[in-house]
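Novice: Just so you know, the sequences run in chain order A and B.
With the first sequence counted from 1, adding 1 to any position gets you the working numbering.
With the second sequence counted from 1, adding 2 to any position gets you the working numbering.
No incorrect hints appear here.
Okay, the calculated beta carbon distance ranges per label pair: (1) B:R82 with A:A641: 38 to 48 Å; (2) A:R197 with B:I117: 45 to 55 Å; (3) A:P632 with B:F202: 47 to 57 Å; (4) B:E61 with A:L667: 22 to 32 Å; (5) B:N99 with A:Y655: 16 to 26 Å; (6) A:P111 with B:R82: 50 to 60 Å.
Rather than coming from a laboratory, the hints here were simulated on the basis of the structure.
Ideal placement from N, C-alpha and C gives every residue a C-beta, glycine not left out.
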Amino acid sequence: MNTAIMLALAACSTALVAALAPLILRQPVAQRTGLSLLLAVTGLLAMIAGIYGLVLGGDALILPLGLPWLPMHVRLDALASFFCLVIGSLLFPVAIYSQGYLRDEPRLTPLAIFMPLFVLGMLGVVLSDDAFTFMLFWELMSVSSYFLVTFKHENLENRKAGYIYLVMAHLAGLLILGSFAVLYAAAGSFEFSAMRDATISPFWASAAFLLAGFGFGTKAGVVPLHGWLPEAHPVAPSNVSALMSGIMLKVAIFGFIRVCWDLMGPGDFQWWWGALVLAAGSSSAITGVLMALQQHDLKRLLAYHSIENIGIILIGLGLSMLLAHFGHPMLAALGLVAALYHTINHALFKGLLFMGAGAVLHSTGTRDMESMGGLIHRMPWTAALFLVACLSISALPPFNGFVSEWLTFQTALMAPQLGGALLTAIVPFSAAMLALAGALAATCFVKVFGVVFLGHARTEVAASAHEVDNWMKVGMAIPAVFCLLLGLLPVLFIPLMDSVPELLLHASLAGSIHAHGWLWLTPIDIAHSSYSAPIVLIGMLVLGGLAFWLLHPKGRTIRRSVMWSCGNPHVNARMQYNATSFSQPLRRIFAGIYRPEEDLNIERSRHKLLADNVRYAVHIGDMAVQYLYQPIGKLTLYAAKLLQHEHQRGIHAYLAYTFITILFLLAVYI
Amino acid sequence: MSAALVQQLVDGFAALMLLTSFALLAQHRMLSVLHWFAGQGLLLAATAAIVAYGTDNEELYISALMALLLKGMLLPWLLRRVIRQLHVHREVEPLMNGSLTMLVALGVTLFSFHIIQPIEKTSLLMTRDSMAIATACVLLGMLMMITRKKAITQVIGFLAVENALFFAAIGATNGMPLVVEIGIAFDVLIAALIFGLFFFQIRTTFDSLEVDTMNAHLIHKDDDE
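With the rest of the complex left out, here is chain A (with noise of 0.2 Å):
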C-alpha cells in the first residue's frame, strides 16, 4: 500500500466522518465549520493524493468491505489520481467558500449530511476498481445530489427540478449498468482487472460503448441529453451548483474514460465511435452556448455554458479517439491530453462562476440579471474574481481556457492525416463549431459581465448590495490563482499528467511538449506550431499600459459628467442595455433554431403615435425539452391513461390475473 492511496482513502475516510458530523454536531455554527473544515482537509488530501500518483503511480487495494464474495476493489492509476486532483482543487476552494456562504442557512442538516456523501460518492467511483463498487458509487453521487438539488424544497420549481434530475439520474445509471452487463458477460467477472483482460467482440463492445455513451452522456449533460441540467444546477445552493457543475460531469466524463479507454482499449475503437463522440460535442458546444446568449438568470446560464464545455471536452476525446483508431498514438494522446487539461480548466473556472454568482445571489438575494448591475462599485473583490473566470471560460489568453481549446484546436488541424474523405470532412466541422462556440462564449461573458456589473443598479436591492466576506473571498481568489497559474505554465502541468496518455495509449507527449523548455509549448513540434503564455501576458500588459499611457497623459484630469441622452430629461438605469435586448441580435441570426415566442405590447390610450406604455416579453424553449422530453413524458402519460382504468377494475380481475398468469405459466414452462 503505497502512499498515494492511503492518502485517497483517507480523504474518502474524511468525507465519511463529515457526513457523519451533524450526528453529533447540533448547533448550526458548529454544523457549518464541521462541513467546512471537514470537507477543505478532504479536498486538500484528494489533491495531494492525485499529484503523488501522477508522479509516483499509485497502487491496487482489496478492501474488507462490501458483499461477501465480492470485497471492495479500489485502484488509484494515473487516470483515478487525475481525477482525484480535479476533484481535490475545487473541493478545497468550495469548501472555504461555504464557511461564508452558509452562514445565514437557518437550516443546515440535509446540507451537512448531504455534500459530504455526494463527495464521498465521486471520490469513490474515482478510486473503484470493480463494476459493482463502481456503481455503488456512482449511485450515492446521484441519489445524495437529488437531496441537495431540492434542498429547498418548499420552491415548486426546486422539486420540479429535482423529480427531472432524479429521473435522468436513474436512466443514466440503468445504460451505466447495461454497459457493464456487456463487459461482464465478456470478462464473467466484476473486477475490472478482468475486464481489461477480457476479449469482447466487435459488436458487443459498440454496445458497451453506446450503453456508456448514453449513460454517461446524461449524467454529463450531452445535448440531447441534458434536460435536467439547466433545472438542477440553478436551484442548487451555489457551493453544490460549483461542485456539480465543476465535478460530477467530469466523473462522468471519467466514467466514460474508464469504460472506454481503460475497460475496453483503444484496440477496440472503431472509426464511428470517435464521430459519434465528435458529433456529440459539437452539438453540445454549440446549443449549450446558444442557448446561454439567451438565459437571464445568471446560474441557468452557466448551467448551459457548462452543457458547452463538456461538448469541447468531448470534441477533444473524439478526436482523440478518431486518432487512435488510425493508428496516431501521439496525436490521440494529445487530444486526450487537451480533453484532460479542458476537464481540469472547467472544473476550476466552472466553479469559481457559480461560487462568484453564488455571492452575487447572497448579497443581492436575486438569480435574475435584469435586476442586477452596477455590482463592480459594491463588490469590486467578487467582480474582479468573476472577471477572471470570464476571461477563462472565453478562451482569452493568458488563462488556462485558451490553453486547452487551443490544444484542441492543434489536434484537430492533424485531421488531414486521417483517412477517408468523410473523416477529414467531419474534423474539420467540428473544428469550426469549437471557433465559433469560442466566439459566443466570448459574447456571452461580454453579456454576463456587463449586465451583473458594470452599469448602474437597476434595482434597489443592487443598489445596496454588499461585498461578501473573507472566506467567500479566499474561496474564489484560490481557483481564480490556478486559473491563471495553469494559463501561464502548462508546460510544467502537461508532464504531471502525461501519465495518463502513457497508461491509456501507450504514448507519452512529455518529449516534444517542454522540447524547447519551460517557456514554450509545442504539442507537436516547434515548427508546427507553439505558445507562450509568459510572453503574451508580458505582450499584453506593455500593450495595455502603452494605451493606458496614451490615453491619460499625466497633468489631464478625467471629466466625469452626464450621459448625452438624445435630448431625453429623464433617464433612469432600466434604460441601460440588458442582458435580453444584448442578445437580441443574435437571436435574429439564429431564430430558426431559438424559435422564440415574442410578446410586444403597446398600449397607446391618447394617440396612435404617443406610446404610454410598451411591454416586451420573449420567451425561447429548449428544443430538446419541447421535441424530444416533453413528447415521450406525453406518450409515458397516454399509456398510463389507457392502463389506467385496468387498475380499478378490483379484486376480481386482480385475482383473475394472478389465475391467467399461473395457467400461462405452467402451460409455458412444464
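For chain A, the structure is supplied; the task is to place chain B on it using the hints.
Specialist: Positioned in the frame of chain A, the structure of chain B alone reads:
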C-alpha cells in the same frame, strides 16, 4: 391392507376431493358451501391417515389429526358463526353464469391432467396419481375466488386452495415436515380469525359484504377528492 388397496383408496379419495371442489363451485347457498368445505376437510384428514398407514409415517398421523380438528371442524364452525351473525345466507348472482363456470372448471381440470402427465411419469410414490387432481383443486379454488362476489365465499375459496395445497403435499412428497405443517395450520387458523374480524368491520363500514361495493366506495372517495 395391501399397498394396492391403499393406492386404490388414495385415488378414490382424490376423486372425492375433486368432487367437493366442483361442488363448492356449484353451490349458491352459504350453508351448503360451508358443508362441502367441511366435507373437504374431513376427506383431507382421511387421506392423510391412509397415506400415513400406507407409508408407516407417524408424523402424517399428527397431520391427519390436525386436518380433522382444524379443517374439518374448527374452521367450518368459525365460518358458520360468522354467517349466522351476519345473516348472509345466499350468494348473490355470481359474476359468471353457473354452467359457464362449470365448463371453465372442466377445462381447467383437463389442463391440469395434461400438464401433470410428464411429472407423474417420474414419480415412484403410491400417491402420484393424486397430483393432477391436487393441481386441479388449487385452480378450482382460485376460480371460486374469481367468480364469487361475497367476501365470505372468497375466503372459503382461499381456504380451499390451502386444502388443495395440503393435498398436493401429501400426494407429491408424503406430506411436508411436521414443523412446517404445524406452522401452516396455525397460519390458516389465524387468517380465518382475522378474516372473521374483518367481515364485521367491513359490514359496519360498507353496509355490505360484497367486494364490488367496497371498490365502488373507494372510487367514489377518489372522485370526491
